[in-house]
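A.B. asks: Anchor point for the sequence shown: position 76 equals 81 in our numbering, and the numbering is continuous, going up by one each time.
These are computed hints drawn from the structure, not numbers from a lab.
Hints should not be assumed to be uniformly reliable.
Claimed, not checked - Taking CB as the label site, the calculated pair distances span:
id: 1; residue 1: T99; residue 2: T141; range: 18 to 24 Å
id: 2; residue 1: S134; residue 2: T98; range: 20 to 26 Å
id: 3; residue 1: T59; residue 2: V38; range: 14 to 20 Å
Don't be surprised by glycine CBs; every beta carbon is placed ideally from N, CA and C.
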Amino acid sequence: QDYSATAIGNVLALYYVEGSIPNNLPFFVTSSVHLTLTAAAPPFFIGTVTLWGTPTTGETAYLTVGTTQYPLAETTGNTMAQQAGAWAASLNTTPPFDASYFANSSGAVVNIFATTAVSSAGTAISAVSSAHLQLTVYSELQNRIQFLQSITDVVEDEIPAQARWYLQSEHSQI
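Based on the sequences and whatever the hints tell you, model everything.
C.D. replies: What follows is the structure, given as structure tokens:
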């Protein structure tokens with residue numbers, strides 16, 4: 006109950022379920038006589054899309070990963086967890102998403118991971134909600150950009166103030 010597992014080709018990806026054990030604990034694998042298992046570094050986390058509202062058949066939300074937009078069809082009667090699971094499964098079989106990314110779901114959240122090398126600039130994700138289903142995106146890249154912008158704002162605010170203080174203190178010593 007603490008883990009979620011998804012297979013892509015010959016890779017079995019194991020993830021902690023939201024709200025369970027912290028995600029920094031290691032996984033260990035043991036091979037059998039007929040099957041060799043190899044532990045690999047986990048995929049690079051890109052971000053999440055959280056769903057809330059009411060999925061409605063005939064409506065479509067959109068997810069953009071990098072520069073490609075993916076339509077996500079809704080199904081009336083699905084719970085948020087069912088809709089997130091359906092979207093993750095759909096993304097994992099949709100080119101070109103399936104070549105570079107992996108999605109899984111945890112409750113009403115779709116998690117996005119890069120399975121190939123990602124540039125140092127990261128990969129942006131964004132979403133467009135439908136009339137009845139709202140999507141909220143959390144992106145590591147956007148989070149990093151917001152953090153850097155807040156540092157820039159502080160520096161721009163503080164440096165002029167320090168420069169004025171320095172000039173005033175120098176002036177008063179003359």
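A.B. asks: May I ask which of the numbered hints given earlier this structure violates, with the numbers listed in increasing order?
C.D. replies: 3
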